[in-house]
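> Let's have the full structure, built from the sequences with the hints guiding it.
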Amino acid sequence: MSGNLIWAMATFALAGAISPGPVNVLATAVGARAGFVRALPHVTGASVCYVLIVWLSGAGLQQLWRGWPWLGGALPYAGAGYLLYLAARIALAPVRAEDDDSAEAQSGLWRGALCQGLNPKAWWVAMSGVSVLVGVGEGQALRLMWFCALSGVICWLSVATWAGLGRVLRPWLAQPARQRVFNWLMAAALLAAVGPLLLPV
Numbered sequence: 005m006s007g008n009l010i011w012a013m014a015t016f017a018l019a020g021a022i023s024p025g026p027v028n029v030l031a032t033a034v035g036a037r038a039g040f041v042r043a044l045p046h047v048t049g050a051s052v053c054y055v056l057i058v059w060l061s062g063a064g065l066q067q068l069w070r071g072w073p074w075l076g077g078a079l080p081y082a083g084a085g086y087l088l089y090l091a092a093r094i095a096l097a098p099v100r101a102e103d104d105d106s107a108e109a110q111s112g113l114w115r116g117a118l119c120q121g122l123n124p125k126a127w128w129v130a131m132s133g134v135s136v137l138v139g140v141g142e143g144q145a146l147r148l149m150w151f152c153a154l155s156g157v158i159c160w161l162s163v164a165t166w167a168g169l170g171r172v173l174r175p176w177l178a179q180p181a182r183q184r185v186f187n188w189l190m191a192a193a194l195l196a197a198v199g200p201l202l203l204p205v
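Our numbering applies: residue 5 is where the sequence shown begins, and numbers increase by one.
Please keep in mind that the hints were generated in silico from the structure rather than gathered at the bench.
None of the values given here were measured: they were computed from a predicted structure.
There are no misleading hints in this set.
Here are the simulated lysine to any residue pairs, SDA-like style, with alpha carbons at most 20 Å apart:
(1) 125 / 136
(2) 125 / 64
(3) 125 / 84
(4) 125 / 18
(5) 125 / 85
(6) 125 / 59
(7) 125 / 60
(8) 125 / 86
Have a look at this one:
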């Protein structure tokens, strides 16, 4: 494993993980409503799921999707449906006190994992990275291990950064009117992510 390849893997993982997307939007919303620490289960669930996605991509999932193309075709619609559900939950969430312990305010490990698992962007990025950076042939298992490890760490740090951004916004959100506007903006951001999911790649 060359240093240049590790650097390329890290750069690729960062570009995919830090960019705005459904997982990061939800992390920001959870960080703003429940605080950074309570957003960490979402961060961890999304990151662990992404490592699994990268590993599955390297373990031959692309061949599976070529054999059953309806699996790949169904994923965007499942993801879009889940994002619509999350957007509605955020938009209609009641305004609450600053220290919000409610289940609605917290995403949790499984919701973070589900949001990532139904995110076609995560699958497309992982498959692209595996195709370009892992490849086939001698040393494939080692390259895949490195790519999974780097992807997991960088995904965690990236999603945590968005959760931290939400936490920074908490004082500004002390006013109920601002909370409502923030909820609507987060819901709109999730809705904006639905369209690209349904476009052909």
